[in-house]
Amino acid sequence: MTTDLNTLLTALYVKIDDEIGGTRWMGRPPLLSDSELVCLAVAQALLGCHSEARWLRYARKHLNGMFP
1 MTTDLNTLLT ALYVKIDDEI GGTRWMGRPP LLSDSELVCL AVAQALLGCH
51 SEARWLRYAR KHLNGMFP
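By the numbering used here, the letter at position 25 of the sequence shown is numbered 25, and the numbering carries on one by one without gaps.
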C-alpha cells in the first residue's frame, strides 16, 4: 500500500503545485510549501483519517521522505 500511496501523493502534489504555483513569502521560508500542505490535507481526507494527531503520527513515520 505504501507504494500506491507514494504514487498517489506524487501525482496529487504535481497537480496541486501546478494549480497553486509558487508563492512568495517574507522572512524565513516555511517548513512546508503551500502545495505540500494542501497535498497532505487532501490525502488525510481521502484516507478517511479524522484524527489530526493520528494523521500527523502516520505522516511523520511513513511520509517523512516525501515531505522533509
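To be clear, the hints were calculated from the coordinates, so they are not data collected in a lab. Watch out, some of these pointers could steer you wrong.
[What the hints assert, rightly or not] Below, computed lysine to any residue pairings styled on SDA-like, alpha-carbon distance capped at 20 Å:
#1 Lys61 <-> Pro29
#2 Lys15 <-> Thr3
#3 Lys15 <-> Ser35
#4 Lys61 <-> Gly27
#5 Lys15 <-> Met26
#6 Lys61 <-> Lys15
#7 Lys61 <-> Leu47
#8 Lys61 <-> Ile20
#9 Lys61 <-> Leu32
#10 Lys15 <-> Gly27
#11 Lys15 <-> Leu37
#12 Lys61 <-> Gly48
#13 Lys61 <-> Asn6
#14 Lys15 <-> Val42
#15 Lys15 <-> Gln44
#16 Lys15 <-> Arg28
#17 Lys61 <-> Val42
#18 Lys15 <-> Met66
#19 Lys61 <-> Arg28
#20 Lys61 <-> Thr10
#21 Lys15 <-> Ser33
#22 Lys61 <-> Glu36
#23 Lys61 <-> Val38
#24 Lys61 <-> Asp4
#25 Lys15 <-> Ala41
[As the list claims (entries may be wrong)] Here are the computed distance ranges between Cβ atoms for each label pair:
#26 Tyr58 <-> Glu19: 18 to 28 Å
#27 Gly48 <-> Gly27: 31 to 41 Å
#28 Met26 <-> Thr3: 15 to 25 Å
#29 Val42 <-> Asn64: 12 to 22 Å
#30 Met26 <-> Lys61: 24 to 34 Å
#31 Gly27 <-> Thr3: 32 to 42 Å
#32 Gly48 <-> Asn6: 10 to 20 Å
#33 Leu5 <-> Gly27: 32 to 42 Å
#34 His50 <-> Arg24: 16 to 26 Å
#35 Asp4 <-> Gly27: 36 to 46 Å
#36 Gly48 <-> Met26: 35 to 45 Å
#37 Gly48 <-> Arg24: 27 to 37 Å
#38 Arg24 <-> Thr3: 27 to 37 Å
#39 Arg24 <-> Asp4: 33 to 43 Å
If you're wondering where the values come from, they're calculated on a predicted model, not measured in any experiment. In this text, a Cβ means the ideal position worked out from N, Cα and C, and glycines have one as well.
A quick look at each hint next to the structure:
Distance check on the hinted pair: Lys61 and Pro29 sit about 23 Å apart at the alpha-carbon level, beyond 20 Å; violated. A threshold of 20 Å between alpha carbons decides the hint, and for Lys15 with Thr3 the separation of about 18 Å falls inside it, so the pair holds. For the given pair, Lys15 sits about 9 Å from Ser35 by alpha-carbon distance, which is consistent with the 20 Å threshold. For a cut-off of 20 Å, the pair hint linking Lys61 to Gly27 is broken: about 29 Å separates their Cα positions.
For the hint linking Lys15 to Met26, the alpha-carbon distance of about 25 Å lies beyond 20 Å, and the restraint is violated. Taking the CA atoms of Lys61 and Lys15, the gap is near 24 Å; set against the 20 Å cutoff, the hint is violated. For the given pair, Lys61 sits about 16 Å from Leu47 by alpha-carbon distance, which is consistent with the 20 Å threshold. For the given pair, Lys61 sits about 27 Å from Ile20 by alpha-carbon distance, which is inconsistent with the 20 Å threshold.
Restraint check: the Cα-Cα separation between Lys61 and Leu32 comes to about 16 Å, which is no more than 20 Å; the hinted pair holds. Between Lys15 and Gly27 the CA atoms are separated by roughly 27 Å; this puts the pair beyond 20 Å, and the hint is violated. Annotation: proposed proximity of Lys15 to Leu37 holds, straight-line Cα distance about 13 Å (limit 20 Å). Taken as a hint, the Lys61 and Gly48 pair is honoured in the structure, with Cα atoms around 18 Å apart against an allowance of 20 Å.
The straight-line distance between the Cα atoms of Lys61 and Asn6 is roughly 13 Å, inside the 20 Å bound, and the hint therefore holds. Using a Cα cut-off of 20 Å, the hinted pair Lys15 and Val42 holds, with the two alpha carbons roughly 12 Å apart. A threshold of 20 Å between alpha carbons decides the hint, and for Lys15 with Gln44 the separation of about 17 Å falls inside it, so the pair holds. At most 20 Å may separate the alpha-carbon atoms for a hinted pair to count; Lys15 and Arg28 exceed this at roughly 26 Å.
Simply put, Lys61 and Val42 have alpha-carbon atoms about 18 Å apart, close enough for the 20 Å limit, and the pair holds. A distance of roughly 15 Å separates the Cα atoms of Lys15 and Met66; the hinted pair therefore holds under the 20 Å criterion. Proximity of Lys61 to Arg28 is assessed by CA-CA distance (about 26 Å); at most 20 Å being required, the pair is judged violated. Restraint check for Lys61 and Thr10: the C-alpha separation of about 17 Å stays at or below 20 Å, so the hint holds.
A C-alpha spacing of about 14 Å is found between Lys15 and Ser33, which places the hinted pair at or below 20 Å, so the restraint holds. The straight-line distance between the Cα atoms of Lys61 and Glu36 is roughly 16 Å, inside the 20 Å bound, and the hint therefore holds. Distance restraint check for Lys61 and Val38: the Cα-Cα separation of roughly 19 Å lies within the 20 Å cut-off, and the hinted pair is therefore satisfied. With a CA separation close to 16 Å, the supplied pair Lys61 and Asp4 stays within the 20 Å bound.
Note on Lys15 and Ala41: the hinted pairing holds, with a Cα-Cα distance of about 14 Å set against a maximum of 20 Å. Take Tyr58 and Glu19: their Cβ atoms lie about 25 Å apart, and the range 18 to 28 Å holds. Our hint of 31 to 41 Å for Gly48 and Gly27 holds, since their Cβ atoms are close to 36 Å apart. Between Met26 and Thr3, the C-beta spacing of about 39 Å breaks the proposed range 15 to 25 Å.
At about 18 Å, the CB distance of Val42 to Asn64 agrees with the hint of 12 to 22 Å. The hint said 24 to 34 Å for the Cβ distance between Met26 and Lys61, and at roughly 33 Å that hint holds. Checking the proposed 32 to 42 Å range against Gly27 and Thr3 shows it holds: the Cβ atoms sit about 37 Å from each other. A beta carbon spacing of about 18 Å between Gly48 and Asn6 agrees with the range 10 to 20 Å that was offered as a hint.
For Leu5 and Gly27, the Cβ-Cβ distance of about 33 Å falls inside the hinted range of 32 to 42 Å, so the restraint holds. The hint said 16 to 26 Å for the Cβ distance between His50 and Arg24, and at roughly 34 Å that hint is violated. Taken as a hint, the range 36 to 46 Å holds for the pair Asp4 and Gly27, whose Cβ atoms sit roughly 38 Å apart. Between Gly48 and Met26 the beta carbon distance is about 37 Å. The supplied range of 35 to 45 Å therefore holds.
For the hinted restraint 27 to 37 Å between Gly48 and Arg24, the CB-CB distance of approximately 34 Å keeps it satisfied. Taken as a hint, the range 27 to 37 Å holds for the pair Arg24 and Thr3, whose Cβ atoms sit roughly 34 Å apart. Range check, Arg24 to Asp4: about 34 Å between beta-carbon atoms, so the 33 to 43 Å window is met.
When held up to the earlier numbered hints, the structure conflicts with 1, 4, 5, 6, 8, 10, 16, 19, 28, 34 and fits the remainder.
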